[in-house]
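With chain X's structure known, arrange chain R on it following the hints.
Line by line, the protein sequences give chains X and R.
Heads up, the first sequence stops at 269 in the working numbering, and the numbers go up one at a time, no gaps.
Heads up, the second sequence stops at 269 in the working numbering, and the numbers go up one at a time, no gaps.
Since the hints were made in silico from the structure, they are not lab data.
From a predicted model like this one, the values you see are computed outputs, not experimental measurements.
Keep in mind that a hint or two might mislead.
[Said to hold, decoys possible] Capping the alpha-carbon separation at 20 Å, the derived lysine to aspartate or glutamate pairs in EDC-like fashion look like this: (1) X/218 to X/138; (2) R/218 to X/130; (3) X/190 to R/159; (4) R/190 to R/222; (5) X/218 to X/250; (6) R/190 to X/149; (7) R/190 to X/159; (8) X/190 to R/149; (9) R/127 to R/239; (10) X/218 to R/149; (11) R/190 to R/239; (12) X/218 to X/149.
Protein chains: 2
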Amino acid sequence: MHANDDESIRRHPQYLDDFKAGDRISSGSFEVTAELIRSFAELYDPQPMHIDEEAAHQTIFGELVGSGWQTLAITMRLLVDAKLLGGNPIIGAEFANLRFHRPMRPGDSLKAIAEVLQTRPSRSRNDRGFMDLQVTTTNQHDETVLTQAWTLIVPTRTAVHD
Amino acid sequence: MHANDDESIRRHPQYLDDFKAGDRISSGSFEVTAELIRSFAELYDPQPMHIDEEAAHQTIFGELVGSGWQTLAITMRLLVDAKLLGGNPIIGAEFANLRFHRPMRPGDSLKAIAEVLQTRPSRSRNDRGFMDLQVTTTNQHDETVLTQAWTLIVPTRTAVHD
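Isolated chain X, as found in the complex (with noise of 0.2 Å):
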């Protein structure tokens, strides 16, 4: 290996060989405007507490806040800026556990990372693997917003070598 490849790799790990349990990539920041939440609601979740101001006083919610959905898309959004996979696409076999801690509001700005858990070899390719994270949204305070378990499917080096 050279040098530069172990230089490569410790800025943009991409395969699963590059990765272990307890490595945390994390996310730059991506800041939340009322207008950002009402042009997602208005096409993917048009409750009154995403989309008007006055209707969102009259929910358990008593202001407007942004649907968990668009959540889940700016923690992606996020993560692929983050180069969560050095660039390799990020396809997911499954997504679970995902629970909203509590809402996101205008003026947010929101961070994302994500914490490898374990990797595994597939059982029947040896040019992929599994990959489980943990991934954790948090905006400026700190507070959780968003907790998900990801596993992907992310090639081994023997892919490209073969």
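This is chain R only, laid out in the frame that chain X set:
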């Protein structure tokens, strides 16, 4: 109970008491365009297979496909429009077992079905309870695109009569 109430419940069940295992709520349909796929992906999932027809040919998908997170968002829209809880807000306690069975493509027409698995009263509060649903999203060929398990927080009739 008035005949009118009975009719209203049959049309749009909305309280925990109105649902039982085996009930199914079916949505209308949602037409997916290449433009819609790209506009979502540019903001939330800017990977080559979702934003660029040419680049998508080089991926394992071989063509432009929608982000899985957009499939999720469209499923929410379908079930909001279907008045899943009769207009009561759809608030999730947990979402689990999300599996993307096949990609969503331009020209697809998606539908969703939510099937009630069980209802459970809350142990601590008599004005609400939990409803477990299996949610299935299909395309115009009746192929399964997405399956997931929802646990929603649903008010009981006690909540309105207290």
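Looking at the structure, which of the earlier hints fail to hold?
Hints 2 and 12 are the ones this structure does not satisfy, whereas the remaining hints hold.
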